[in-house]
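Chain residues, written in single-letter form:
2 protein chains.
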Amino acid sequence: MLVDNAEEVLAKTSARIEVVRVGVRDLQKVRSVAPGLVTDDLRSIVTDPSVDIVLELMGGEEPAGEMVQLALEHGKHVVTANKELIAKHGSRLINLAKGSGLDLHFEAAVGGGIPVVQPLKHQLAGNDVIKMMGILNGTTNFILTKMEDEGADFGEVLAEAQRLGYAEADPTADVDGFDTMYKISILAAICFGKQIPLEDVHREGIRDVSAADMKYARQFGYKIKLLGVCEETGDDEVLVRVHPTLIPLDHQLASVKGVYNAVWLHGDFVGDLMFSGRGAGADPTASAVVGDLIDVVRTMVAGGNGSAIPYGEGMSVSQMADLETRYYVRFEVVDQPGTLGEIATAFSRWRVGLAQMEMITKVGGKGEIAFMTHVCRESDFVSALTDVRGLSSVAKVENWIRVEE
Amino acid sequence: MLVDNAEEVLAKTSARIEVVRVGVRDLQKVRSVAPGLVTDDLRSIVTDPSVDIVLELMGGEEPAGEMVQLALEHGKHVVTANKELIAKHGSRLINLAKGSGLDLHFEAAVGGGIPVVQPLKHQLAGNDVIKMMGILNGTTNFILTKMEDEGADFGEVLAEAQRLGYAEADPTADVDGFDTMYKISILAAICFGKQIPLEDVHREGIRDVSAADMKYARQFGYKIKLLGVCEETGDDEVLVRVHPTLIPLDHQLASVKGVYNAVWLHGDFVGDLMFSGRGAGADPTASAVVGDLIDVVRTMVAGGNGSAIPYGEGMSVSQMADLETRYYVRFEVVDQPGTLGEIATAFSRWRVGLAQMEMITKVGGKGEIAFMTHVCRESDFVSALTDVRGLSSVAKVENWIRVEE
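Taken in order, these protein sequences are the chains called F and X. Each residue of the first sequence is one higher than the one before, starting from 0 at the first, in numbering that gives the first Met the number 0. Each residue of the second sequence is one higher than the one before, starting from 0 at the first, in numbering that gives the first Met the number 0.
Chain F extracted, bound-state conformation (with noise of 0.2 Å):
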């Protein structure tokens, strides 16, 4: 990108930008810049007086963490990509930065190209954001919506993911809901201005959402989708969770398709807002990284210090015990006269009331429910579950799933 438009960016730094250094894990790999430029011993680039500016893109919490620290030491400044750094040591590195003066720039970190980093910090800064819900991980909405449009279940449309070049072969980080929980962390944290203990973010992934899910959802007037979700709680306590979610199909998010991501938010001046656009791949990364690498270039070029704006560490953070939603959750159960009375008498037990119902039959004598509860409380909604299984006339919970409007 640098090369391609090269124009763009010199008429908008006045400054022309040099790669003098390209660190690399395999020297051996075949690569479209000069190998004179490459070599395997990080430490040097970032400690070479020569360099101004390190892009750190390996990605990972070590050695990225350790030369991100060194860069800083040796007075350099640091665009990253790195989503699981920033999300776990941002608050630290980014005081080191501004110690001395230094940008510390993540704009790649999160939602690819879509600039909502630097809006948050910058043109939002005035706002007290009182909710944020997004789609971070085009793998996860990728497998989601080819769910929904076809009717398949998860580990198919896994299975071809990974044949496509969409998913790893090892998923964790996608479809267990780690990439997302850096980055609503990582949103969070800028948001309510101090880091968020990832022990304490509430994260599921994908595995057990089936079609039947996304069949009974879309009867009820939802989709599912894996949302990070941060939200004020009270005086500085916020609660953060990544997990499958129902939302209303006329709701924004509902209609982001395949791999493309999205933020959503609720400032209390800006009042609803959503970007979206595509979350992953190297050219969107580039639009990001190159775009922070601009503005470091140009703070440069102006004089005065960077613009690291530095937040602090320990947010606290609510448990999901105290959630109050929806929910949406399906039972197989034994198809006799009774039943549905008897689920119903233990969910309202707990203060869990019934809002739709799915019911349909099936052979031998077995038949399959699923409920939209109203609003309740989690610990009462999963206390009255726990009465639910002890009934006769119920073989399983198959699943339950939150809800957002």
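Certain hints may be false.
The list treats identical chains as one, so a pair stands whether inside a single copy or across any two.
[Stated by the list, open to error] Taking lysine to aspartate or glutamate and the DMTMM-like style, the derived pairs with C-alpha atoms no more than 25 Å apart in a straight line are:
{"no.": "1", "residue 1": "130", "residue 2": "230"}
{"no.": "2", "residue 1": "130", "residue 2": "25"}
{"no.": "3", "residue 1": "193", "residue 2": "51"}
{"no.": "4", "residue 1": "87", "residue 2": "152"}
{"no.": "5", "residue 1": "145", "residue 2": "271"}
{"no.": "6", "residue 1": "28", "residue 2": "367"}
{"no.": "7", "residue 1": "214", "residue 2": "312"}
{"no.": "8", "residue 1": "193", "residue 2": "6"}
{"no.": "9", "residue 1": "365", "residue 2": "404"}
{"no.": "10", "residue 1": "365", "residue 2": "61"}
{"no.": "11", "residue 1": "256", "residue 2": "267"}
{"no.": "12", "residue 1": "361", "residue 2": "331"}
{"no.": "13", "residue 1": "145", "residue 2": "51"}
{"no.": "14", "residue 1": "365", "residue 2": "323"}
{"no.": "15", "residue 1": "130", "residue 2": "3"}
Just so you know, these hints were derived from the structure itself, not from any lab. Everything numeric in this text was worked out from a predicted model, so none of it was measured.
The hints should help you fit chain X onto chain F, whose structure is shown.
Here is chain X on its own, set in the frame of chain F:
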């Protein structure tokens, strides 16, 4: 907002922002600011040595233009929400600011609270923007949405919007497309690096869009939106246009309803991207203005020059005659054998292919035909229309509207 969210602002700037003067047109009007701060002598504010930053929120070309210029000449940073001023004089004023190391920010001038001006200048700066389309005026989008939902005609919905306060008593700036023209021209100037001569922008409003057009558009699979469109048409040449447009029902812009605004763009690296949110109103405007203000204060705290990004003047703008797109057109015809053949022959003489047709018979031997053409040159389409007007079987060309896919 500065009062309500004073803590957010303080945390993000490490500075306390003090309102020292408030300029107004009418001293008699009741306001929520301390009376001692208020003056109708605008010049005394923009030349006051104790003022660091001027917020210009009066709108219109003058006296806003003179006041912004005076403020910059007196070494003050400026934040403005004035789309007309920036569309007409942006290049001159930004260069004036840049020359003195000052900031001139105008996020609120386009899209209200939606961050789009600064993301285009910063996070997307490395992209070659191929095309951009925006729903940039909430009043017209409210009117078109209501016409669509209720099958009502323009006149009645405008009257209702005026009663509700969504449209001005003189609705010209909105419904005739001036507001959209200013906004798309500002975005085009940022993307393409030169101010757009407004006299070269093609501008049509929504007065001629009827309930019948909405109905046919829906049958063909489209919605009608007032779009501002800019696109590259050659080396250092762009086409900038504002007109009602048919967009496919599954395009993201088709789902932008009511007073919401949205900007869609395609960049060579970032791919497709969309921002949407509330495009007008006091709160979203405050969100954008305070975001700009926070950025100015951060730069003042960090030291160094302002980050105003200048662009030149005199962008070369291409002609509508060269546009190549599809067209929707609706005729009143004499309902007799041979009518369709005559019309199709007239179009084909100008290389305009017809792709879809809907025909209805009216009372009194009259009928109505609506067509969607294949892609053709606008000059050919207009020539064909002239020929069709001369046919004895065609009573009237009711309307024609361009299409975007």
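Taking the hints in turn, this is what the structure says about them:
1. 130 <-> 230: Classified as within: same-chain Cα gap 4 Å, cross-chain 35 Å, threshold 25 Å.
2. 130 <-> 25: Classified as neither; 43 Å inside a copy, 39 Å across copies.
3. 193 <-> 51: neither (29 Å within a copy, 30 Å between copies)
4. 87 <-> 152: neither (33 Å within a copy, 56 Å between copies)
5. 145 <-> 271: Cα proximity of residue 145 and residue 271: across copies only (20 Å, versus 28 Å in one copy).
6. 28 <-> 367: So residue 28 and residue 367 fail the 25 Å test inside a copy (54 Å) and across (66 Å) alike.
7. 214 <-> 312: neither (42 Å within a copy, 56 Å between copies)
8. 193 <-> 6: between (39 Å within a copy, 15 Å between copies)
9. 365 <-> 404: Classified as neither: same-chain Cα gap 32 Å, cross-chain 49 Å, threshold 25 Å.
10. 365 <-> 61: neither (52 Å within a copy, 77 Å between copies)
11. 256 <-> 267: between (28 Å within a copy, 20 Å between copies)
12. 361 <-> 331: Within one copy only: 9 Å inside, 57 Å across.
13. 145 <-> 51: Classified as neither; 45 Å inside a copy, 55 Å across copies.
14. 365 <-> 323: Answer is neither: 32 Å inside a copy and 61 Å across each miss the 25 Å cutoff.
15. 130 <-> 3: between (39 Å within a copy, 18 Å between copies)
When the structure is compared with the earlier hints, violations turn up for hints 2, 3, 4, 6, 7, 9, 10, 13, 14 and for no others.
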